[in-house]
Amino acid sequence: MGYTILVFVKQVPDTQNITGEAMKPDGTVNRAALPAIFNPEDLNALELGLQLKERFGAKLIVGTMGPPNAAEVLRESLYRGADSTILLTDRAFAGADTLATSYALSKCAEKIGNFDLILCGRQAIDGDTAQVGPQLAEKLALPQIAYVEDVESLSKKKIRARRSIEGGYEVVEGPLPCLLTVVEANEPRPANAKNIMRRKKSMTRSELRKAHADANYTDAEMLVDEEEKLKAKGLWIEELSAADVGAEESRIGLKGSPTKVKQIESVVLRGADFKRIDPSEDGINALMHELIEDHTLG
Amino acid sequence: MSNFFTDNEDLMFALDNLELEEVTALKEDDYKYAAEFPHAPVDFNDAIDNYRRVLTEIGDVTGERIEPRSRTVDAEGPHFEDGVVTYHPLTQANLRDLRNAGVMGVMLPHKYGGLNFPNTIYTMMTEMVSRADGSLQNLFGLQDISETIYEFGDEEQKDRYLPGFASGEYDGSMDLTEPDSGSDLQSVRLKATQDPKTGQWHLDGMKRFITNGCAKVHLVLARSEEGTSDGRGLSMFICESCPELVVRRIEDKMGIHGVATCELQYNHVPAQLCGQRKRGLTKYVMSLMNGARVAIAGQALGIAEAAYREARKYAAEREQFKQTIDKFPAIYDMLARMKVKTVAARTLLYHTTKVVDLRQGYTHIVEHAKDAAAIPQEARAAQKKYSKLAAVLTPMSKAYCTEIANQVAYDGIQIHGGTGFMRDFNAERYYRDARITNIYEGTTQLQVVAAIGGVIQRVLEPTYDELAALPYDGALDRMTSKLADMRTKLGEAVEFVKARKDSDYQNLMARALVEMEIYVLVGYLMTRDALKDRRREALAEKFVIDAEPEFEARRLLAMSGDNTTIDRHWEITEY
Ligand SMILES: Cc1cc2nc3c(=O)[nH]c(=O)nc-3n(C[C@H](O)[C@H](O)[C@H](O)COP(=O)(O)OP(=O)(O)OC[C@H]3O[C@@H](n4cnc5c(N)ncnc54)[C@H](O)[C@@H]3O)c2cc1C
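Here the protein sequences line up with chains A and B, keeping their order.
In terms of my numbering, the first sequence opens at residue 12 and continues consecutively.
In terms of my numbering, the second sequence opens at residue 27 and continues consecutively.
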């Protein structure tokens, strides 16, 4: 098993299938009204990771930062073929913007250490910023290739990837370790039946505790025992807090987030008047001129 | 977002109410496998939870991925050039998705990399795959042949082939039909000869209409005993694709366009004997076909489900005479009948698969026991009981599901009006795809031949005793009294036909009798299910109400004692 690949993924509200009120009166997202799903482009990143694993041999570690129930996307990753998973969860992480998120993830990556590649989806559908991947690379001082469609070759020293650019693609090379952000260029595989049957029993420590509490059963020794058993079976979802990864309190969560959302507006694009362009050289030139003056082009 | 499992209340009802405890315990050998295989269930709840999760995943794969590709697959189909079949890229994508989902060896034991699921759960997948793309089921369903290798092959063959099937690396075909041997497989001529020195078998001859005849692994029915001409001279062989096995052409078909139906020429193809000589047709192919018949019933049901849904949606949207057409009695009756037939077919099919699972479970105990004396008496009795039931239920399910699928798809077009005749809508594709289901794996006529013995012997009477004893009330009580009456009349009709001691008359009336049996059985099953969920009462009621006149028409026919058709059909057809 040659490479170690980290994939960072996110659980997001499903903005495509909105049920009920998507926005709260204060302008923040009403997560309760939206089903939580695997961020689509993160599935593309995971798929690329799985393909690299098949092509070159790799250990695939999937991590996410989120509330305890974000463990669900980690299980989804295990169903598709990830080797192990890490849940970065802490109340102190809540309310993070892209700066605080990429900081927290960088601490997590440092804690894991010894990786060859980090894969992220290009962007998450709840924020559409496409900033976390690039910021994470900067914080870890890694080279980055954004908008990756596929990997052409991989060796211990370097990676050659195809990245999407306007009107086509370009092929670039970079040294390892390296971070890639991945676009929707592959078709993520479905969950695998046997993995579902086996890995559905994967748990985080909080989930194990909760299961015990639900059963009115709080024998500390038993808890440790079961934890060991789950670990031995590869059914343990590592759970890390801010302290576990050594994150500074001032740089995470709401405190570490300089971004302030002032207002959210729903912009509906509407067709206005139309304009007739003469289908001749002159007509097109005039149009180009107008667009350049408009700053639509150029 | 469509999920073909979670959007199908009736299918989920089946999973929840089939009471699969015994089936699952047999399949998992009392959950002993859990110690050895990390994905094997530890108890019944764990098993059902596995089934539900995997079905939900396949519901997603079929609804979100396969269905959207189906129109293009139907329009473009596979490509054939220079003896090589290439499936449509979207069919390849479908197969890749199913492989990645890990469902190409659904029933194979854990040991060989399979999921070790019962036939019931596999059939539920079959149904969903077929609802998404009828033609894809033919490729998905050929995993059945690995079941046959598992049942009858030797250890070496199992080790050689089964893991490849489970992973989806191997695909298969079953090569039975020849130009002169269709329904009558006893007359198969493809020659198998054994080299007296090396013991190596070779196959020479022709097969036609072979689904996925371009497969890597073939199960072949061939004549190994020179000088014989009946079923006892046939054996089953395994061979692999090789230069001596030539795909001569692929058929241009009415439906199931996505899959290649091949004509094959065997030019001294090296092959291995599978199982014992001379038992090819009598035992192995019969077993293979019984499995495949259940699968085709599932295929038909899936197509019916799709056709019904399209029609229901269209009728709710289409307006004529200032109202949506689903407000016209003629249309809502048609829709209700389509729905009830689909639910009825599902009820019969899963009643059948459960019996098939039980038969298989007990057969396994009886046939694979290390010490024959240690086999419990109950296991032997159960094996006998379920074998007898499966032998009549399987052809009944195949006949009923495939015939109603044709009716539902036909009405589906009717509800669409002229639009239904156009290629722009799916209705005509369902109609074309449904049409093969009551032909291959034995035509409906041959299913009747297979089922009539059990009907004459009244094999289902104990089942009726159990079903009739449930505590029905109100409308359900009224339904069961009707059914009790029909049951009595069916018994009388059978006695009447038997008493004539005329095989022509019995053959002529066989279909009527088998269909009467289906009405009674399904009527009882649907009424029983209404006890579990009162919202199903109207479905049961509609089934019984619609069944009554159909039953009566067949009864009149069977009891007529009239020989006109037998004596004068020649005068009629030759006028
Ligand atoms: C698309 C397609 C895929 C197929 N795939 C496969 C495959 O993968 N492998 C394979 O081996 N075969 C396959 N077949 C062949 C299929 O199983 C046969 O076509 C089918 O069994 C009927 O045989 P036949 O076509 O020779 O019809 P015939 O047997 O000639 O039947 C003609 C008619 O006579 C009736 N008939 C025949 N005998 C009786 C009887 N005893 N009593 C009453 N009526 C009778 C039939 O019901 C039918 O109506 C496929 C066929 C098609 C069309």
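Bear in mind the hints are in silico, worked out from the structure with no lab data behind them.
Please note: incorrect hints may appear among the correct ones.
[Said to hold, decoys possible] Under the rule of at most 20 angstroms between Cα atoms (straight-line distance), these lysine-lysine pairs were calculated in the PhoX-like manner:
1. Lys58/B x Lys244/A
2. Lys309/B x Lys339/B
3. Lys58/B x Lys212/A
4. Lys240/A x Lys58/B
5. Lys410/B x Lys309/B
6. Lys365/B x Lys353/B
7. Lys309/B x Lys244/A
[Stated by the list, open to error] So, partial list: chain B residues that the calculated Cβ filter (under 8 angstroms) puts toward chain A:
8. Glu62
9. Pro64
10. Ile74
11. Asn76
12. Arg79
13. Val80
14. Asn126
15. Gly231
16. Met232
Glycine is no exception: its CB is placed at the ideal position from the N, C-alpha and C atoms.
Violations among the numbered hints:
Hint check: 2, 7, 8, 10, 15 and 16 fail, others pass.
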